[in-house]
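Peer 1: Just so you know, the protein sequences line up as chains A and B, in that order. Each residue of the first sequence is one higher than the one before, counting from 1 in the working numbering. Each residue of the second sequence is one higher than the one before, counting from 339 in the working numbering.
Calculated directly from the structure, the hints in this document are not laboratory data. Yeah, the Cβ is synthetic: ideal placement off N, Cα and C, and Gly gets one too. Incorrect hints may appear among the rest.
[Unchecked claim] Covered stretches of chain B, going by a simulated chain A footprint (3 or more residues, C-beta under 8 Å):
no.	region
1	362-368
2	488-497
3	589-599
4	625-635
[Stated by the list, open to error] Straight-line alpha carbon distances no greater than 20 Å define the calculated SDA-like cross-link-like pairs of lysine to any residue that follow:
no.	chain 1	residue 1	chain 2	residue 2
5	A	LYS135	B	MET592
6	A	LYS85	B	THR693
7	A	LYS265	A	PRO224
8	A	LYS206	B	ARG585
9	A	LYS132	B	ARG495
10	A	LYS209	B	ASP493
11	A	LYS132	B	THR693
Single-letter residue listing:
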Amino acid sequence: MKRLITILACASLAMTLATAASASTLDDVKKRGMLNCGANGQLPGFGMPDSQGNWTGLDVDLCRAVAAAVFNDPTKVKFVALTAKDRFTTLQSGDVDVLARNTTWTSSRDSQLGLNATAVTYYDGQGFMVRKDLKVNSALELNDATICVQQGTTTELNLADYFRANKMRLKTVTFLQLEEATSAYESGRCNAFTTDASQLYSVRLKLAKPDDHVVLPEIISKEPLAPFVRHGDDQWFDVVKWVHFAMVNAEELNVTKANVDDQMKSDNPEIKRLLGTEGNYGEQLGLTKDWVRRIVKNVGNYGEVFDRNVGQGSPLKITRGLNSLWTKGGLQYAPPIR
Amino acid sequence: MTIGVESGPPKVPLLRDPKLRGLVIQILLCVALAGLVYYLVRAAAANLERSHMASGFGFWNQPAGFDISQSLIDYSSSTSTYGRAFWVGLLNTLLVACIGIVLATIVGFLIGIGRLSSNWLVARLATGYVHLVRNVPLLLQLLFWYSMVLTALPDFRDSVHLPGGGFLSNRGLFLPAPELGGAGPVVMAALLIGIAGVIALALTARRKWLDGRVAAGLGVLLVLALPLAAFVASGGTWTIDYPQMSRFGMRGGMELLPELVALVAALVIYTGAFIAETVRAGIMAVPRGQSEAALALGLSRPLTLRRVIIPQAMRVIIPPLTSQYLNLTKNSSLAVAIGYPDLVQIFTGTVLNQTGQAVEIVAITMAVYLAISLFTALLMNIYNARMAVRER
């Protein structure tokens with residue numbers, strides 16, 4: 001009951017008080033000297049504090065990049081750990097400026113929830129994990145299976161749709177928290193566990209015997225993960241969107257954390273525009289001329305961030321796949337800065 | 339100058355009239371409160387409007403699309419609406435509350451009486467139970483029982499075969515289910531009428547128009563014979579749906595979810611400890627002379643307890659017992675932690691997330707819990723009034 005009351009208080013009361021705060025998010029953030037960022041808190045590779053309390057992850061680094069662009073200091077972020085259930089309410093009420101919490105971009109979230117998805121930072125899709133000894137090779141064999149699922153995501157809907165479309169019978173056990181869902185799966189309550197593929201890899205790492213479990217090849221949904229901002233503040237929407245695009249452009253132009261200072265002297269006109277040695281594209285966004293240098297110097301380009309958090313430089317070892325640059329056969333494509 | 343006859347109390351200046359002042363303050367307070375509520379509602383509506391968030395109850399008839407592991411009424415992810423999902427959740431909550439209240443009462447009375455037992459071991463065990471259970475948070479106990487159920491029971495591939503075609507595993511208890519076909523609804527209706535008849539009998543039993551044994555026999559007849567007669571009358575044939583083991587689990591039959599077992603166990607054991615203390619307090623509130631008098635009259639100890647002590651203790655027990663029933667019902671919303679599909683899990687969980695209409699959905703859920711609690715309290719108050727001392 002306490003939880004209900006908390007949500008209601010968030011949803012209605014805070015909403016009434018948020019009126020004053022929503023004039024210009026960028027100004028508010030600058031005035032506050034701190035970016036408020038809603039993150040996951042429990043998902044390795046995307047958003048989780050380590051043993052020293054330092055937040056790391058792909059989503060976390062997006063917020064750090066925004067802070068770097070605004071303050072030239074990636075530590076000026078206050079992270080708020082949000083559950084799948086209260087993440088939107090917290091953003092709507094103005095308690096966070098950006099929601100970067102492995103959240104799927106869907107039409108209803110853009111329209112009905114009054115939010116804007118900024119740009120796709122990770123192309124994901126829902127998959128299944130099963131025990132190896134079940135000898136299942138495809139999700140299409142899972143007729144009659146019991147499946148554990150974490151609630152408060154589009155996961156339940158995708159799951160039911162997939163089984164219905166393939167004329168298979170399904171039993172689901174739905175949990176509020178990821179921990180309880182995975183421990184129920186591990187103790188044999190369910191045959192399979194389903195969630196976004198990126199998350200399956202990190203969940204598998206946390207199981208007692210990761211090698212006894214296998215992620216099935218089927219991806220049953222499109223899950224483009226994007227940071228979200230509130231409707232009605234186009235300037236802030238642009239800032240968050242272009243921070244991601246800047247990181248992708250930096251990777252494409254081979255501007256890295258290590259070489260960004262050398263690249264300031266580059267003659268390549270695209271790099272000059274990117275790093276602000278030519279034109280005032282950063283100022284047009286409400287930032288500074290050297291905004292991209294600040295981002296790359298402090299956080300890195302998209303490829304570096306990917307590798308460090310979820311790619312080959314991390315325990316998750318997820319391949320780039322769909323998240324490769326468009327020049328390498330992936331979907332990561334950023335509009336030009338000019 | 340003559341002094342007139344004083345009539346009524348002495349005149350007090352309006353400003354210092356306590357009655358008037360009290361009235362004015364109360365009116366001002368009410369107006370301020372109403373104004374505050376009005377402001378909050380209007381501001382929330384305006385903010386929803388400005389942030390282009392949908393509001394209203396239009397979602398109620400939209401298809402739900404997600405699966406629910408236990409439903410007492412027909413529900414399918416392909417055709418049912420959010421409204422249907424709400425009823426499924428509500429019934430699941432009521433199911434847990436009803437089973438929980440009955441069992442917790444039994445456990446509570448046994449332990450409460452046990453604490454006062456002259457048997458050293460029984461009294462100490464009961465005391466230890468109360469202290470242990472009452473001082474550990476319910477959520478932890480719930481998670482404990484759930485992991486106990488899941489780890490103590492075998493994997494479904496090693497299911498225990500029960501006599502008569504049942505299976506027991508950490509997927510739950512699977513039993514053969516009678517399939518009545520077309521006669522089902524008629525038999526169900528007859529059963530409900532039978533239960534209503536028994537309740538009517540019980541309510542009028544005080545008037546002693548029937549001998550106790552006759553009444554009990556009549557009750558059994560109503561519950562058993564009426565549905566049977568209805569079944570025969572509708573000429574129904576029946577089959578049994580046996581649970582079958584399939585590659586990934588069980589198919590068919592009746593199913594008792596491990597989540598339900600764990601939830602009921604945790605709620606009963608936890609609430610039972612509180613009820614035990616209430617019962618103990620009630621019994622100790624009955625003056626010692628009462629039991630001494632009963633024993634002096636030659637009543638046996640069990641009879642003294644049943645006929646003299648408990649009836650008098652009930653007057654003390656019932657009001658706090660009501661609060662425990664309400665607590666149990668509200669605590670059942672912790673179900674969400676272990677994956678039991680109660681109202682909070684389905685409605686303020688999945689439905690809220692899929693529709694995003696937090697204000698409406700949370701308001702509905704709170705109203706439902708309020709209604710359940712008020713109804714429980716009403717029933718208990720009626721019972722309390724019947725148990726009160728009758729001055730003759």
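Peer 1: Indicate, hint by hint, whether the structure satisfies it.
Peer 2: Now the hints, each set against the structure:
Here's how the region 362-368 of chain B fares: 0 of its residues keep a CB closer than 8 Å to some CB of chain A, so the rule of at least three is not met and the hint is violated. Here the region 488-497 of chain B counts 4 residues with a CB under 8 Å from a CB of chain A, which clears the bar of 3, and the coverage holds. Check result for the region 589-599 of chain B against chain A: holds, 3 residues qualifying (beta carbon to beta carbon below 8 Å, three or more required). Given a C-beta distance limit of less than 8 Å, the hint that chain A covers the region 625-635 of chain B is violated, as 0 residues qualify and 3 are needed.
Proximity of A:LYS135 to B:MET592 is assessed by CA-CA distance (about 28 Å); at most 20 Å being required, the pair is judged violated. Taking the CA atoms of A:LYS85 and B:THR693, the gap is about 11 Å. The hint holds against a cut of 20 Å. Taken as a hint, the A:LYS265 and A:PRO224 pair is broken in the structure, with Cα atoms around 36 Å apart against an allowance of 20 Å. About 27 Å separates the Cα atoms of A:LYS206 and B:ARG585, which puts this hinted pair outside 20 Å; it is violated.
Proximity of A:LYS132 to B:ARG495 is assessed by CA-CA distance (about 15 Å); at most 20 Å being required, the pair is judged to hold. Pair hint A:LYS209 plus B:ASP493 holds up; C-alpha atoms about 17 Å apart against a cutoff of 20 Å. Note on A:LYS132 and B:THR693: the hinted pairing is violated, with a Cα-Cα distance of about 36 Å set against a maximum of 20 Å.
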